[in-house]
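> Below, each chain spelled out in residue letters.
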Amino acid sequence: MTTLTLDNVSRWFGNVVAVNDVSLTVGPGVTGLLGPNGAGKSTLINMMGGFLAPSTGTVTLDGAVIWRNEQVYRHIGVVPEREAMYDFLTGYDFVLANAELHGLPHPAAAARAALSTVEMEYAAGRRIETYSKGMRQRVKMASALVHEPAVLLLDEPFNGMDPRQRLQLMELLRRMGADGRTVLFSSHILEEVEQLAHHIEVIVAGRHAASGDFREIRRLMTDRPHRYLVRSSDDRALASALIADPSTAGLELDLGERALLVQAVDFARFTQLLPRVARENGIRLYEVSPSDESLESVFSYLVAA
Amino acid sequence: MSATPATAPAPATQPGRSGPAPFSLYHPTVARLTYRALLSRRRALFLFALPALLLVMATAVRALGGADDGTAKTLLSGFALATMVPLTGVIAGTGAIGPEIDDGSIVYLLSKPVRRSTVIFTKLWVAMGVTMLFSAIPTFFSGLILDGNSQHLAVSFGVAAVVASVAYSAIFLLLGVVTRHAVIAGLVYALVWEALIGSLVPGAGDLSVQQWALALAAKVADPGAVTSQVGLPAGLILLVAVTVGATWFAVSRLRSLTVASDE
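First to last, the protein sequences are chains A and B.
Mind the numbering: the first sequence is residues 1 to 305 in my numbering, read in order.
Mind the numbering: the second sequence is residues 1 to 263 in my numbering, read in order.
Check the hints yourself; a few may be wrong.
Unchecked claim - Label-pair ranges, simulated between beta-carbon atoms:
1. B/42 x A/71: 32 to 42 angstroms
2. A/129 x B/180: 14 to 24 angstroms
3. A/189 x B/56: 55 to 65 angstroms
4. B/255 x A/159: 27 to 37 angstroms
5. B/42 x A/56: 40 to 50 angstroms
Stated by the list, open to error - To give a feel for the contact side, a few chain A residues facing chain B, derived at Cβ under 8 angstroms:
6. 46
7. 49
8. 52
9. 68
10. 71
11. 74
12. 78
13. 86
14. 88
15. 97
16. 98
17. 100
18. 101
19. 102
20. 194
Everything labelled a hint here was simulated from the structure, so no lab data went into it.
Even glycine gets a Cβ: it sits at the ideal position worked out from N, Cα and C.
Produce the complete structure using the sequences and hints provided.
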């Protein structure tokens with residue numbers, strides 16, 4: 001059992017508050033740290049990885065403070081977001097150096113095993129500077145896994161990866177989680193987190209906005225009021241037919257735009273209602289488009305909830 | 001990837017691997033990464049160019065003008081000790097850690113159960129070794145070429161270059177930890193302070209690694225052959241104090257190093 005605990009953690013840089021009074025616990029399995037760019041995800045991961053001191057609060061691993069405690073690295077593997085590695089080394093030499101720095105009894109065997117886990121043996125003899133983005137990411141993973149840590153921290157690991165590399169890394173992280181390791185990764189892409197994480201922590205503007213099973217959070221996200229822009233052959237008739245149903249909470253007729261703005265509270269019901277009402281009343285739908293599907297609007301709804 | 005077996009699921013604490021990391025002055029892996037980084041970057045070309053220039057100049061001077069102690073002193077003091085040693089110190093000292101901090105790859109060193117003091121000490125040894133190899137040894141040999149160690153000039157300037165290498169490595173390693181503009185700061189110190197002000201303004205010499213090292217050279221060379229603006233005891237105390245102080249401060253700053261995020 002390995003648990004990362006953040007207790008009332010804040011971090012500010014000068015006058016800017018990057019992380020604001022966050023308390024959360026990350027246990028075994030795969031946890032996704034979700035939030036828009038600039039929300040403070042990297043700041044949180046840097047504090048969990050011991051590269052940044054919290055301004056207030058504590059960050060601990062099984063009760064041991066992480067900041068200025070290099071012993072925790074026996075149990076933590078870190079995959080940083082930044083690209084820079086020792087590019088003049090070969091992939092094997094790089095992972096081997098990481099194994100030696102951990103003081104492993106058989107560094108060469110550990111390095112080969114880690115490279116095999118990420119399927120990079122075929123390029124292990126090449127210099128890192130010749131690697132593609134996905135290959136770099138996998139060697140970074142190998143360097144973080146070489147001492148078989150109980151905790152794996154990954155900052156935006158899917159950035160810049162192509163779909164195939166993305167699937168491979170997801171599969172690998174899923175396996176790590178199934179092994180009982182504590183895997184935490186950050187992402188600003190909902191679908192990535194949803195596909196991989198059994199548990200989600202949402203961070204918005206430095207605050208801990210939501211926490212829980214992805215289904216719960218998905219429900220929160222789909223149950224929020226949805227706004228649609230509808231253009232039809234008779235907006236006025238459509239409006240009066242829609243407002244009679246409880247799935248519609250508000251309507252606005254925009255005469256300038258010649259469009260109908262609809263606020264729906266029951267997403268599933270509304271998506272069935274709209275085409276049925278149109279057909280029954282002989283109205284042609286020219287356009288139906290969601291007007292607030294940006295991730296930021298989803299996040300701001302979660303914060304308000 | 002799905003068919004390959006996972007690594008052994010043993011994420012539990014392994015016995016015999018806990019407890020604080022032992023205090024150590026040297027880590028071979030840190031040393032290997034450091035010297036390979038130093039010698040593989042483009043600025044390593046300077047490491048080879050400066051001593052090559054000195055040896056070429058010494059050979060040319062000897063061939064054209066014959067052995068002359070005055071010319072030897074001018075070249076060894078004015079170019080070797082005043083310019084080449086500090087410049088080499090800047091390249092080796094800042095280069096031993098600065099680029100890793102700048103590009104973030106230091107994370108891979110710091111996320112290990114290795115004491116930060118071990119990282120600094122090891123990098124210091126490498127910086128010292130590289131600075132001596134590329135500045136003190138060529139200084140000694142160019143002294144031999146110039147006048148065949150007459151008045152013990154070759155040995156004395158060689159010794160001065162060795163102790164100056166130690167102090168410069170510590171100072172510039174510290175600069176590499178504390179500032180992103182370590183090379184600029186180091187060049188300003190090496191070229192403006194040591195080479196220019198140190199030799200023109202009498203008082204400034206008291207605070208110059210070059211003059212402290214010359215105090216030792218004056219002791220080694222024949223009496224009166226080499227002069228320094230500071231006495232030997234003062235020079236030695238300042239050399240030791242600056243080296244120890246800079247190293248201690250570098251360790252303390254690396255312990256609190258904050259790795260910047262891209263956010």
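> Where does the structure disagree with the numbered hints, that is, which hint numbers, in rising order?
Number 20 only.
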